[in-house]
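Trainee: Sequence:
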Amino acid sequence: MSDHFFVVTGGPGAGKTSLITELARRGFQTIPESGRAIIREEMQSGGDALPWADRMAYAERMMERDLHAHRAAQALPSPVIFDRGIPDIMGYLS
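Residue 1 is where the sequence shown starts when you use UniProt numbering, and the numbers rise one by one after that.
Since the hints were made in silico from the structure, they are not lab data.
Because the structure is a prediction, the values reported are computed rather than measured.
Ideal placement from N, C-alpha and C gives every residue a C-beta, glycine not left out.
Keep in mind that the hints are not guaranteed to be accurate.
What follows is a set of in silico ranges between Cβ atoms, one per label pair, in the way DEER data are often shown [stated by the list, open to error]:
| id | residue 1 | residue 2 | range |
| --- | --- | --- | --- |
| 1 | L76 | L19 | 10 to 20 Å |
| 2 | G46 | H4 | 33 to 43 Å |
| 3 | F28 | A53 | 18 to 28 Å |
With these hints in hand, go ahead and build the complete structure from the sequences.
Mentor: Pasting the structure below:
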């Protein structure tokens with residue numbers, strides 16, 4: 001685990017993405033939430049890895065993408081701030 005990684009988490013509409021956007025504007029290294037991109041991609045491709053169609057496939061895609069982002073972020077200068085993270089996926093599935 002990296003000591004320069006931070007995860008912004010919370011309920012829907014709490015302002016997480018707005019905070020991340022502002023931090024990025026101020027020059028911080030940020031990693032966007034994977035869920036929004038997955039929904040956009042699945043809608044465009046006609047896929048079913050969507051929270052309302054196949055929750056497990058959607059969660060698996062989020063996990064894959066978040067693990068990839070975590071590995072890639074190891075090379076970034078500190079601090080690195082994530083918009084949601086792996087604990088959010090676990091909470092989503094419970």
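Trainee: Range hint 33 to 43 Å: satisfied by the CB atoms of G46 and H4?
Mentor: holds, 39 Å
Trainee: So the hint says 10 to 20 Å: do the beta-carbon atoms of L76 and L19 match that?
Mentor: holds, 18 Å
Trainee: Within 18 to 28 Å or not, the Cβ separation of F28 and A53?
Mentor: violated, 34 Å
When the structure is compared with the earlier hints, a violation turns up for hint 3 alone.
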